[in-house]
Amino acid sequence: MQDLLFRCRHWRSNSDRSRHVRHAPANSRESQLLSKPMTSPDNSSHTARISSLDGLRGIAAIVVVIGHTIGALRSPPGIAGPSVILFFVLSGYCLTASALRGDRLSDRAQFYVRRIFRIHPPFVVALLIAWTASHIAWSGPCCAGLSPWILNFTHLSMPAGELVQHMFFPGTAQDFMPVGWTLEVEMVFSILLPLFVLLAREGHWSLALGLSLWALFQREPAYTGQVYAIHFVVGILVYEASGRIAVVMKRAPRVAPLVLALVAAYATLVGMNFIPVQWNIFFWPGISTLLSTPLFALAISSAAFTIAAVHLTSVRSFLEWRPIAFLGRVSYSLYLLHFTVLLLAVRMVARPLTDFEMIFFILVVVATSTIAAAAMYRFVELPSIEAGNRVCSWIARYSQSEERLSRIQSQDTASGNRDA
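If you read the sequence shown in my numbering, its first letter stands for residue 202, the second for the next number, and so on.
Don't read these hints as lab results, they were simulated from the structure. Even for Gly, the Cβ is constructed at its ideal location relative to N, Cα and C. Careful, some of the hints might be misleading.
Label-pair restraints from in silico Cβ distances [as the list claims (entries may be wrong)]:
| id | residue 1 | residue 2 | range |
| --- | --- | --- | --- |
| 1 | 444 | 363 | 46 to 52 Å |
| 2 | 447 | 551 | 53 to 59 Å |
| 3 | 419 | 572 | 41 to 47 Å |
| 4 | 454 | 358 | 58 to 64 Å |
| 5 | 454 | 587 | 26 to 32 Å |
| 6 | 587 | 515 | 47 to 53 Å |
| 7 | 594 | 462 | 39 to 45 Å |
| 8 | 336 | 447 | 32 to 38 Å |
| 9 | 393 | 553 | 32 to 38 Å |
| 10 | 551 | 418 | 42 to 48 Å |
Working from the sequences, and respecting the hints, build out all of it.
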């Protein structure tokens, strides 16, 4: 788990939306773009947008920024790990609704087009910004006041020719984009997610869960990111069970939110190895390996957070509060840009900071990253989403034209047979 937490440097991706709660306001251009359904005659039941999950994603992104900033000054960024896992679970939940918008080939094509335009163009722009920022001469002392972890990223260089090679698929780009490994995982499981949804729906939910657990515990994985399949599958299963969960939450006693919060908090602490084995109530003979596995524990906590965001009115209202909703909208850009902002900011650190100075430094990094993210959201993310919508509209129109032509040909053939 330490390796996971050390690597967690997230996000994620804002995902397509689900069907179970209110629509986002329709009077803003970005709301219309983000909630616009795939242009298909039979997808009306899958077009709702869950704004509270945006807020949850925004809080998770801020936690990542704070975790990385603390890690740059004091220690490796351990608190970023649970937020990354939450991103994966949220993607599994939200993308399930998108994957269910239609069964035709054109619907599948639109699903993949939207994911590519949602993830990839902002990644490329953020990578270019990070590469450009790396050319700013390092003027601060080499190691004063900074952790060994952050120093791994302070003197990077890469020729432009090599940079281009890293633009074709999301990744870390030789550590110029340290959070890029999560985008690679997002993209890979975006490709596979319709298959997991089909397995859970047409087969049985236990098949999808069992396959993801096999991927988690395989000793020699074919793909290192396969251990995160469990989180996307948990998101899928929470989405599929949303109707039943809603009924349970309505009938549950008033103490239910507290129980859900305790489960989320406890599983998070287990996932971060903050609870010793002898105090871990999940450590039961026979199933202790599963329940005390950090990645599985974080799947449980992320599922609890997701359920609370969707089904608890008080939590949903807080996450839909305008400042939190704003963070949700810009969370992907915030996730992409904050590390570059952090690397520029640490150049001003000439000595170890006091606790008060560190808090002020964190606030500066968070504020600067958020401002930069708002600009990138406006000038990169929204145009990219709009371009994806236009491509999907063209695919839908072409598909409908082909269907009409096919019907006409079928009618002509039938008429010819009758005339004969």
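Q) Hint by hint, which ones does this structure get wrong, listed from lowest number up? A) 5, 6, 8 and 9
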